[in-house]
Amino acid sequence: MKTVDLVERIEGEAKLICSWKNNKVSDARIDFLNFRGFEYILEEKSPLDALIYTPRICGICGQAHLKATVEALENIYENINEKIEISNKAKLLRQIGLNIEIIDSHIKWFYLFIMPDIIKLNSSDLGIYAPLKGKRWLEACKTASETIKALAIIGGQWPHTSYMNVGGVMSDPTRMDLINMQNYLQIAIDFFEDSVSGVSLEDYLSFDSLNDLEKLDKDMKYFKDLCFKYHLNVYGKSHNRFISLAESNLFRSGKIKQKIVNKIDLSKIAESNEYTFSLNEKENISKKHTWSKLVTYNDNFFETGPLARAIISNRRFIKELHKSFDDSVFTRVMARVDEMAFLINDTKSLISQIDLLENSFIKPKISLNDIEKASGLSVVEACRGSLYHKIDIENGKIKAYDVITPTVWNLGPSNKKEKGIAQKAIIGSPNIEIAKIVLRSFDVCSVCTTH
Amino acid sequence: MNEKKPTVVWFSAITCNGNTHSLLSSNSSKFELFLKNFDFIYHGSLTIDKSLEDIIKNQEQIDFLLVEGAISSNQKFFTTSNDSTKNILEKLVQKSKYLIAVGSCASFGGIHAKFTQNDDVCGLKDAIEEENKKKLKHPIINLSGCPVHPEWIFQTLFSLKNFKEISLDDEGRPKELYGTLAHHGCTRNEYFEWKIEGNFGQKEGCLFYNQGCRAPMTHSSCNKILWNDINSKTRAGMPCIGCTEVDFPRNNMLETKKNMGIPLEVPLGISKRAYLSISGVAKTFKIDRLHKKLME
Ligand code: SF4
Numbered sequence: 001m002k003t004v005d006l007v008e009r010i011e012g013e014a015k016l017i018c019s020w021k022n023n024k025v026s027d028a029r030i031d032f033l034n035f036r037g038f039e040y041i042l043e044e045k046s047p048l049d050a051l052i053y054t055p056r057i058c059g060i061c062g063q064a065h066l067k068a069t070v071e072a073l074e075n076i077y078e079n080i081n082e083k084i085e086i087s088n089k090a091k092l093l094r095q096i097g098l099n100i101e102i103i104d105s106h107i108k109w110f111y112l113f114i115m116p117d118i119i120k121l122n123s124s125d126l127g128i129y130a131p132l133k134g135k136r137w138l139e140a141c142k143t144a145s146e147t148i149k150a151l152a153i154i155g156g157q158w159p160h161t162s163y164m165n166v167g168g169v170m171s172d173p174t175r176m177d178l179i180n181m182q183n184y185l186q187i188a189i190d191f192f193e194d195s196v197s198g199v200s201l202e203d204y205l206s207f208d209s210l211n212d213l214e215k216l217d218k219d220m221k222y223f224k225d226l227c228f229k230y231h232l233n234v235y236g237k238s239h240n241r242f243i244s245l246a247e248s249n250l251f252r253s254g255k256i257k258q259k260i261v262n263k264i265d266l267s268k269i270a271e272s273n274e275y276t277f278s279l280n281e282k283e284n285i286s287k288k289h290t291w292s293k294l295v296t297y298n299d300n301f302f303e304t305g306p307l308a309r310a311i312i313s314n315r316r317f318i319k320e321l322h323k324s325f326d327d328s329v330f331t332r333v334m335a336r337v338d339e340m341a342f343l344i345n346d347t348k349s350l351i352s353q354i355d356l357l358e359n360s361f362i363k364p365k366i367s368l369n370d371i372e373k374a375s376g377l378s379v380v381e382a383c384r385g386s387l388y389h390k391i392d393i394e395n396g397k398i399k400a401y402d403v404i405t406p407t408v409w410n411l412g413p414s415n416k417k418e419k420g421i422a423q424k425a426i427i428g429s430p431n432i433e434i435a436k437i438v439l440r441s442f443d444v445c446s447v448c449t450t451h
Numbered sequence: 001m002n003e004k005k006p007t008v009v010w011f012s013a014i015t016c017n018g019n020t021h022s023l024l025s026s027n028s029s030k031f032e033l034f035l036k037n038f039d040f041i042y043h044g045s046l047t048i049d050k051s052l053e054d055i056i057k058n059q060e061q062i063d064f065l066l067v068e069g070a071i072s073s074n075q076k077f078f079t080t081s082n083d084s085t086k087n088i089l090e091k092l093v094q095k096s097k098y099l100i101a102v103g104s105c106a107s108f109g110g111i112h113a114k115f116t117q118n119d120d121v122c123g124l125k126d127a128i129e130e131e132n133k134k135k136l137k138h139p140i141i142n143l144s145g146c147p148v149h150p151e152w153i154f155q156t157l158f159s160l161k162n163f164k165e166i167s168l169d170d171e172g173r174p175k176e177l178y179g180t181l182a183h184h185g186c187t188r189n190e191y192f193e194w195k196i197e198g199n200f201g202q203k204e205g206c207l208f209y210n211q212g213c214r215a216p217m218t219h220s221s222c223n224k225i226l227w228n229d230i231n232s233k234t235r236a237g238m239p240c241i242g243c244t245e246v247d248f249p250r251n252n253m254l255e256t257k258k259n260m261g262i263p264l265e266v267p268l269g270i271s272k273r274a275y276l277s278i279s280g281v282a283k284t285f286k287i288d289r290l291h292k293k294l295m296e
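So the sequence lines, in the order shown, correspond to chains G and R.
Residue numbering for the first sequence follows UniProt numbering, beginning at 1 and increasing consecutively.
Residue numbering for the second sequence follows UniProt numbering, beginning at 1 and increasing consecutively.
If you are wondering where the hints come from, they were derived from the structure by calculation, not from laboratory data.
Treat the hints loosely; a few may be bogus.
[Unchecked claim] Here are the computed distance ranges between Cβ atoms for each label pair:
no., chain 1, residue 1, chain 2, residue 2, range
1, G, 190, R, 32, 12 to 22 angstroms
2, G, 21, R, 57, 30 to 40 angstroms
3, G, 267, R, 288, 48 to 58 angstroms
4, G, 402, R, 197, 31 to 41 angstroms
5, R, 29, G, 418, 44 to 54 angstroms
6, G, 280, R, 4, 47 to 57 angstroms
Here a beta-carbon is modelled for each residue, glycine too, at the ideal position from N, C-alpha and C.
All chains should be built: construct the whole structure from the sequences, respecting the hints.
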């Protein structure tokens, strides 16, 4: 038997096609049928305009695209041996902005996209978690909107600011601004302690064993109990291979395949559009079924995202959960909520490292408009995982722009050799509700996937 | 409150969901007030009780239809709920009293209309059949902006709820929100007046002369109704890119086009000659205070 289901309440929409055998999903396919053509739109534009365009690839992870664009453009200077200087202050302000956006996204994802479905397995009354009316749902929204103010202080607004520019950042915060940002982050800490985990941030950050699961209270406990009741610690397992491309204060880059962490070689990343629709109608033969491309590293599929980062960056609590429950829905969601705690803590410390006397912006000596031919690339850890941008410029204009989003790693189609990450995870689900939860555990952003 | 609350349906067409996240980043008391006064029955990413299909099949009227994103009839590039965004929109419009374009894509096509390989991406006004437009109780309201300011949505909805109509400018935008320029209220106005140029990464100076600030030519209230309750792009140091106007996105948004050192485009409503002479005069005054750093 085959079923076709529309999956809403993600960023955008996806079509989930499942084959069933013995009351279990025996095969799954995910189609993304929306295409906006950003890579094409960017052709022939002036390179700096990409700073305005790419954040608009996605309304929730615009800062990741902005940072990727600015760093890819700066990489162009490096590649033509034109030294450009970025102050440590600017680097910090960029990372802080990105981190805050990720925290905002993690809060929304857990409460708006994950919790309602998990609770629905158990009861029709979502109570305090009910969208638009439940007390906790509203508190989560409020916390996210207060937290994001910390980014608006340096970015002018959120969403869709382009405050990062080639040479640094456009803003120049005062000490009071920085204190204000710390205060907004404190609202996120309070929420994490009072409602998300029910333990102090300090205690939470010291968790390092399976037994610590018992210390959880509030929503993480509720989530955990429902996961065990409905076997979400068993469902949702994929290839158990992880990749994280970019480094930061908190994250290490690397990949894990049979417990080995290797150095990343970006040239081993390969995109394929074998199953992806083409702009040229004649090429759209029957095996093409989605607008998402597929991406592999060294010819293998890897999962990217908070779980990959937790394991590669050696965060103890999640590593312990992973030992017992592999890459299940439970571990994947826990990794993301766990990352929220680490990010809030880390971002507060980054803010305190800013030296206000440094320059925010140092103008590059030559303009990108005057560069005849060059390329640049960059990698960034976005909320959903690794983001890759590559820009080719010719005669001062963008010749080609390639974006590989985290969702392409996780949600792209299979190749001949093996199933894609999310597809493999969905196989084995006992009903469509669980299959959708598995799919959602990757945080599906259909707009990013196809861009 | 015995009165039946007006219903609100949010339809997401070709978009990045930025307007949704703008709404979720609104002042939370205002957001809750909005939820108390309106019956927000459908949003593809937020609500859970009804699907888009339920809304379309349901006989009930929609009071306020909010649309985020551009529209296209081309199903090759864009299908949502197994249909084109244009077909779904037409079905929804027939049941709706008010139609509000949320953001620049829904208003004018915005960034997605730049994808020329799909040649019929457009805003609501151009997408809807005339006969369906006539069924509406009010001309289409364009809340342009990339994204729209959440407070602009609330103010529009509350005024329509209370007064049934709202006065619009030539581009279909509420006059009260778009009557003044984005420049109005910028903390850099003094520098603008005395023609003192700014740089990226500085608190001082105006971004009109070199960084491409479009605020003197852009209708919006970004510097009066602050973003996230606290700030605006130009206050922080990012030039206005004119995202509420029909011609957004333009080319070379982060630099000012100039002719012999003078900005090619001058503030709205001023003749170029007048602007030139006043600039010349202003520049002769050396105001010490404004040439210094605000703080060391
Ligand atoms: S920066 Fe822009 S908005 Fe601010 S004063 Fe200058 S022109 Fe006006």
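Outcome of the hint check:
Under the hint 12 to 22 angstroms, the C-beta atoms of residue 190 (chain G) and residue 32 (chain R), about 19 angstroms apart, fit the expected range. Against the hinted window of 30 to 40 angstroms, the Cβ-Cβ separation of residue 21 (chain G) and residue 57 (chain R) comes to about 33 angstroms, which satisfies the hint. Separation of residue 267 (chain G) from residue 288 (chain R) is about 56 angstroms and conforms to the stated range, judged on CB atoms against 48 to 58 angstroms. Restraint check, residue 402 (chain G) to residue 197 (chain R): a C-beta distance of roughly 36 angstroms satisfies the suggested window 31 to 41 angstroms.
The given range of 44 to 54 angstroms is respected by residue 29 (chain R) and residue 418 (chain G), whose C-beta atoms sit roughly 51 angstroms from each other. Remark: the range hint 47 to 57 angstroms for residue 280 (chain G) to residue 4 (chain R) is upheld by a beta-carbon distance near 52 angstroms.
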